[in-house]
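Visitor: Here the protein sequences come in this chain order: A and B. Count along the first sequence starting at 1, add 1, and that's the number in the numbering used here. Count along the second sequence starting at 1, add 1111, and that's the number in the numbering used here.
Hints in this document: simulated from the structure, not taken from any laboratory. All of these numbers come straight from a predicted model, not from anything done at the bench. Yeah, the Cβ is synthetic: ideal placement off N, Cα and C, and Gly gets one too. Hints may be right or wrong, so weigh each one.
[Unchecked claim] Straight-line alpha carbon distances no greater than 30 Å define the calculated DSBU-like cross-link-like pairs of lysine-lysine that follow:
id: 1; chain 1: A; residue 1: K15; chain 2: B; residue 2: K1216
id: 2; chain 1: B; residue 1: K1167; chain 2: B; residue 2: K1219
id: 3; chain 1: B; residue 1: K1167; chain 2: A; residue 2: K10
id: 4; chain 1: B; residue 1: K1181; chain 2: B; residue 2: K1216
id: 5; chain 1: A; residue 1: K10; chain 2: B; residue 2: K1219
id: 6; chain 1: B; residue 1: K1216; chain 2: B; residue 2: K1167
id: 7; chain 1: B; residue 1: K1181; chain 2: B; residue 2: K1167
id: 8; chain 1: B; residue 1: K1180; chain 2: B; residue 2: K1216
id: 9; chain 1: B; residue 1: K1181; chain 2: B; residue 2: K1219
[Said to hold, decoys possible] One-sided and incomplete, this derived list gives chain A residues near chain B with beta-carbon spacing under 8 Å:
id: 10; residue: L46
id: 11; residue: Y49
id: 12; residue: V51
id: 13; residue: G52
id: 14; residue: G59
id: 15; residue: V61
id: 16; residue: Y65
id: 17; residue: E104
id: 18; residue: L105
id: 19; residue: F107
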Amino acid sequence: NAGVTQTPKFQVLKTGQSMTLQCAQDMNHEYMSWYRQDPGMGLRLIHYSVGAGITDQGEVPNGYNVSRSTTEDFPLRLLSAAPSQTSVYFCASSYNRLRDTGELFFGEGSRLTVL
Amino acid sequence: SQQGEEDPQALSIQEGENATMNCSYKTSINNLQWYRQNSGRGLVHLILIRSNEREKHSGRLRVTLDTSKKSSSLLITASRAADTASYFCATDGTGAGSYQLTFGKGTKLSVIP
Chain A
2 NAGVTQTPKF
12 QVLKTGQSMT
22 LQCAQDMNHE
32 YMSWYRQDPG
42 MGLRLIHYSV
52 GAGITDQGEV
62 PNGYNVSRST
72 TEDFPLRLLS
82 AAPSQTSVYF
92 CASSYNRLRD
102 TGELFFGEGS
112 RLTVL
Chain B
1112 SQQGEEDPQA
1122 LSIQEGENAT
1132 MNCSYKTSIN
1142 NLQWYRQNSG
1152 RGLVHLILIR
1162 SNEREKHSGR
1172 LRVTLDTSKK
1182 SSSLLITASR
1192 AADTASYFCA
1202 TDGTGAGSYQ
1212 LTFGKGTKLS
1222 VIP
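Bound-form chain A, shown alone (with noise of 0.2 Å):
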C-alpha cells in the first residue's frame, strides 16, 4: 500500500494563478482532509470530508475548492492564488465513518510558495 500520496510536492505559483494539489489513498477510507500548515500556527483544517459526494468547510475554508468524487481521490483547488496561501498542504485520511474522526494517515505534504 502507498497510503496518502500527494503531488506534486513543491510548487511555485504567481499570485492570481490557479492550481490543484492532488491527494489519493489506497486504504479505503471514508474520512478525508486538507489541512495547512504555517510556523506558529500549528495545522488548520481547510476541507474535509466524510464519504464520496460529500465535502465541508473547515477552520480555514476561503480560497479553496475541493471536490470528492471517488473515494479514493481528494483534490484541493486554489483559484486565484494569493501570497496568504503560501503554506505546506498535508492531506490525510481515516477508516472511520461518519462519527469519531480515529487516526488520521498523513501524506508527505506539498510545499506551496506563491509569489
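Once you have looked at the hints, place chain B on chain A.
Guide: This is chain B only, laid out in the frame that chain A set:
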C-alpha cells in the same frame, strides 16, 4: 481557532531523560490523539485516548487524560536522539464538531545525544 494548546513550546533534554509535554483543550471531546512530526515530513499518529480512559501506554509512551481539567500529558521515557521531533495533540469535538480533528501548535522536542 485552536482547540488544543501544547506546553512547553520547546523542550531540550539529554538522551536517556524523560520528556513530558502537556496539552490543554477547551471543549468536550470524544478522544484525544498525539502525533509526531519529523522535520520536513508528514505527521505520524502515536496514540489515541478516549474520553472515558484516564491513562494509556504504548512502548515508551504514556498518555494521561483528565477531562475535568481538559488536559492531557504525553510522557516519553528514556528518550533517544531519534525522538527529536515536534509533537502535536489533536482533539475532535462532540456533536457537529466530531468530524473535525483540531491540532495544537506543537511542542518541539530536541534530544541531545
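Visitor: Indicate, hint by hint, whether the structure satisfies it.
Guide: Going through the hints against the structure:
1. Taking the CA atoms of A/K15 and B/K1216, the gap is near 29 Å; set against the 30 Å cutoff, the hint holds.
2. Annotation: proposed proximity of B/K1167 to B/K1219 holds, straight-line Cα distance about 22 Å (limit 30 Å).
3. The hinted pair formed by B/K1167 and A/K10 fails the criterion: a straight-line CA distance of about 35 Å is larger than 30 Å.
4. Using a Cα cut-off of 30 Å, the hinted pair B/K1181 and B/K1216 holds, with the two alpha carbons roughly 17 Å apart.
5. Between the alpha carbons of A/K10 and B/K1219 the distance comes to roughly 24 Å, so the proposed pair stays at or under 30 Å and holds.
6. At most 30 Å may separate the alpha-carbon atoms for a hinted pair to count; B/K1216 and B/K1167 meet this at roughly 23 Å.
7. Between B/K1181 and B/K1167 the CA atoms are separated by roughly 16 Å; this keeps the pair inside 30 Å, and the hint holds.
8. Simply put, B/K1180 and B/K1216 have alpha-carbon atoms about 19 Å apart, close enough for the 30 Å limit, and the pair holds.
9. A distance of roughly 22 Å separates the Cα atoms of B/K1181 and B/K1219; the hinted pair therefore holds under the 30 Å criterion.
10. For A/L46, the interface hint holds, since its Cβ comes within 8 Å of a Cβ in chain B; the closest pair sits about 6 Å apart.
11. Hint on A/Y49 holds. Least Cβ distance to chain B is approximately 6 Å, under the 8 Å limit.
12. With a least beta-carbon distance of about 6 Å to chain B, the hint placing A/V51 at the interface is held under the 8 Å criterion.
13. For A/G52, the shortest C-beta to C-beta distance to chain B is roughly 11 Å, which exceeds 8 Å, and the interface hint is violated.
14. Residue-level restraint check for A/G59 holds (minimum Cβ-Cβ distance to chain B is 6 Å; threshold 8 Å).
15. With 8 Å as the threshold, the beta carbon of A/V61 stays out of range of chain B, its nearest partner Cβ sitting at about 11 Å, so the hint is violated.
16. Residue-level restraint check for A/Y65 is violated (minimum Cβ-Cβ distance to chain B is 15 Å; threshold 8 Å).
17. At a threshold of 8 Å, the smallest CB-CB gap from A/E104 to chain B is about 5 Å, leaving the interface hint in force.
18. At its closest, the beta carbon of A/L105 sits 6 Å from a beta carbon of chain B; the interface hint therefore holds under the 8 Å criterion.
19. Interface restraint check for A/F107: the shortest CB-CB distance to chain B comes to about 4 Å, inside 8 Å, so the restraint holds.
The structure fails to meet hints 3, 13, 15 and 16 from the earlier list, while all remaining hints are met.
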